[in-house]
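A.B. asks: Sequence:
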Amino acid sequence: MAASALNASSVFLGSRVATPSTRRASRSKRASKVAVRAKQCEESDLMAKYPEGGPVFRVSIDCTMGTNSTGIVMKEGDEGRPEVSAIRPGGTAKNKLKIGDVCLGVTYTELVADPNNKTLNWGTPQVGWFDTEGEKYQVSIAAMETNSTTLDMIMFRPE
Numbered sequence: 189m190a191a192s193a194l195n196a197s198s199v200f201l202g203s204r205v206a207t208p209s210t211r212r213a214s215r216s217k218r219a220s221k222v223a224v225r226a227k228q229c230e231e232s233d234l235m236a237k238y239p240e241g242g243p244v245f246r247v248s249i250d251c252t253m254g255t256n257s258t259g260i261v262m263k264e265g266d267e268g269r270p271e272v273s274a275i276r277p278g279g280t281a282k283n284k285l286k287i288g289d290v291c292l293g294v295t296y297t298e299l300v301a302d303p304n305n306k307t308l309n310w311g312t313p314q315v316g317w318f319d320t321e322g323e324k325y326q327v328s329i330a331a332m333e334t335n336s337t338t339l340d341m342i343m344f345r346p347e
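In this text, residue positions in the sequence shown follow the working numbering: the first is 189, and each later residue adds one.
Okay, derived cross-link-like pairs now, DSS-like style, lysine-lysine, Cα gap no bigger than 30 Å in a straight line:
| id | residue 1 | residue 2 |
| --- | --- | --- |
| 1 | Lys282 | Lys237 |
| 2 | Lys237 | Lys284 |
| 3 | Lys282 | Lys263 |
| 4 | Lys324 | Lys284 |
| 5 | Lys286 | Lys324 |
| 6 | Lys324 | Lys263 |
| 7 | Lys237 | Lys263 |
| 8 | Lys263 | Lys284 |
| 9 | Lys282 | Lys324 |
| 10 | Lys324 | Lys237 |
Treat the hints as calculated values from the structure; they're not laboratory data.
Construct the entire structure; sequences and hints are all you get.
C.D. replies: Here it is as structure tokens:
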């Protein structure tokens, strides 16, 4: 699928779809750095809020080759939550997700300072859960893109 055929608000995990207006804007002014910290949820709280069964399910997708390798293309859904708009052939999400699935919760990875760790200069990776309810679409996508080995998601499949 060509980039021009995608909805301008669609995001292929691992890379952004550039539109003519975003290309012009990036040339004319420098992007300012914005630090976004995901609102962490406990896994047990999230699983209690969204119990598995019926249309709600949990899925683990391999992303050891980067989130781009999942093949998931997301768009902003009706409530602002990420919704699967396509799954690219050969992606690790093939046969795990379907078009229209909505992301309720997702794991994210952050690097935290650990004075006991002398080998990892950037920090120790810590995985947390992020609830997409009431959050901006871009923040949910950013949380997904931080994963480096496994992308765990709680999904809703409309019937």
